[in-house]
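*Asks:* Read off the chains here:
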Amino acid sequence: MTERPGYTPDHIVRAMSLPRRVGVLVAGLGGLAGSTTIGLLWATEPGALPAGTKLVFAAMILVGVTWACFAGWALIRRPLFAVDRVITGWLAATFSFLTTGGTVAVAVNRTSTVGVLAAGGLGLILIVVSSTMLIRARAYRATLLARKRELEDHKP
Amino acid sequence: MDRVGRDALLVVRAQLGDRKALAELVGHWHDPLWRYVRRMLDGPGRADDVSQDVWASALKALPRLQQPERFAPWLFTIARRSVTNHLREKYTQADPVDGDGTGDDDISAVLDRAQVAEGLVGLPVREREVLILFYLHDLALEECAQVLQIPSGTVKSRLFRARRLLRDSLVEKGYSS
Numbered sequence: 001m002t003e004r005p006g007y008t009p010d011h012i013v014r015a016m017s018l019p020r021r022v023g024v025l026v027a028g029l030g031g032l033a034g035s036t037t038i039g040l041l042w043a044t045e046p047g048a049l050p051a052g053t054k055l056v057f058a059a060m061i062l063v064g065v066t067w068a069c070f071a072g073w074a075l076i077r078r079p080l081f082a083v084d085r086v087i088t089g090w091l092a093a094t095f096s097f098l099t100t101g102g103t104v105a106v107a108v109n110r111t112s113t114v115g116v117l118a119a120g121g122l123g124l125i126l127i128v129v130s131s132t133m134l135i136r137a138r139a140y141r142a143t144l145l146a147r148k149r150e151l152e153d154h155k156p
Numbered sequence: 001m002d003r004v005g006r007d008a009l010l011v012v013r014a015q016l017g018d019r020k021a022l023a024e025l026v027g028h029w030h031d032p033l034w035r036y037v038r039r040m041l042d043g044p045g046r047a048d049d050v051s052q053d054v055w056a057s058a059l060k061a062l063p064r065l066q067q068p069e070r071f072a073p074w075l076f077t078i079a080r081r082s083v084t085n086h087l088r089e090k091y092t093q094a095d096p097v098d099g100d101g102t103g104d105d106d107i108s109a110v111l112d113r114a115q116v117a118e119g120l121v122g123l124p125v126r127e128r129e130v131l132i133l134f135y136l137h138d139l140a141l142e143e144c145a146q147v148l149q150i151p152s153g154t155v156k157s158r159l160f161r162a163r164r165l166l167r168d169s170l171v172e173k174g175y176s177s
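Same order as they appear, the protein sequences are chains W and L. Quick note: the first sequence, position 20, residue 20 per full-length UniProt numbering, numbers continuous. Quick note: the second sequence, position 141, residue 141 per full-length UniProt numbering, numbers continuous.
The hints are simulated quantities; they were obtained by calculation from the structure and are not laboratory data. Note that CB positions come from ideal geometry on N, CA and C, so glycine has one too. Check each hint, because a few of them may be wrong.
For each label pair, taking beta carbons as the anchor points, the in silico distance ranges come out as [claimed, not checked]:
1. Pro46(W) with Arg19(L): 50 to 60 Å
2. Asp48(L) with Glu45(W): 52 to 62 Å
3. Leu98(W) with Asp31(L): 47 to 57 Å
4. Ala118(W) with Arg88(L): 51 to 61 Å
5. Arg3(L) with Ala118(W): 57 to 67 Å
6. Ser131(W) with Arg88(L): 45 to 55 Å
7. Lys20(L) with Gly72(W): 23 to 33 Å
8. Cys69(W) with Arg19(L): 24 to 34 Å
9. Thr154(L) with Tyr7(W): 51 to 61 Å
Computed list of lysine-lysine pairs in DSBU-like fashion (alpha-carbon distance at most 35 Å, straight line) [unchecked claim]:
10. Lys148(W) with Lys20(L)
11. Lys148(W) with Lys60(L)
12. Lys20(L) with Lys60(L)
Non-contacting residues of chain L with respect to chain W, defined by C-beta distances greater than 12 Å in every case (computed) [unchecked claim]:
13. Lys20
14. Leu123
15. Leu148
16. Thr154
17. Arg161
18. Arg164
19. Gly174
In isolation and in its complexed conformation, chain W is listed as follows (with noise of 0.2 Å):
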């Protein structure tokens, strides 16, 4: 049988791409972390917006939101090395921290005690979920390097 197979092995491992990876997931967070924060704007301003305003808030929160769907929807679909996970989890943890020193901030000047501990509470979950995150995956890699100096330490 002297048929070949009509696609390359490079082929199957483009889609692979870590910067493209990274690229999807910096999009999806920096979509969630914008729109979270103009919702918050949103909803703690004192007096009612224009019109005009709370058409481009809406938008915002749209394309933030919809930038974050398709970056999880991207990430399922593929797998997740040790090394994406990582960065994974280093990503998550630094936009958390970011969003909930932004949220608290908006908080303390715009809203009452409520608001803030609100604002801290959901921060203080996105920081408590990421990190764990993070430390899983640091973990997970660990495991992997020991197994991989194991299996080098074997080698003929």
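We have chain W; now place chain L onto it with these hints.
*Replies:* Coordinates of chain L only, in the frame set by chain W:
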């Protein structure tokens, strides 16, 4: 380093996120996987579609592979599942009854890969796939058993029957046993 050790190290490196190791792993198994699918299905175009689906499923599940040294049987198990799904639409044959043969006969001595490949055409699916895995991909009996999800003894008996069918087919085509 033997094939199993080489694959295990490449799998762990790929699980860590080493794209070169992933490319090397795919490079090693690209042709064997395609040939397995091609011999089980009609037409190279269909083999391309199915084998690409197999790679997509395998790479998605690769980070969860707990035993990297079992990569080959794991990959062929995924391939077999995809092939079975495609064949199910075409074949509705009843399960053949497994025999009790021990699996050793004189045909082993004279078989070579070209003869096996030629004689495979026209064999029933179950016999064809066990010959492909054992002779053309050099999987061990235990590995064949894992892929086919049957005991090693059944692999032996299936090989015994497959070789007899293959011998008959080759004799018909003019080869002497």
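*Asks:* When the hints from earlier in the document are held up against this structure, which numbers fail?
*Replies:* The structure conflicts with hints 9, 13, although it agrees with all the remaining ones.
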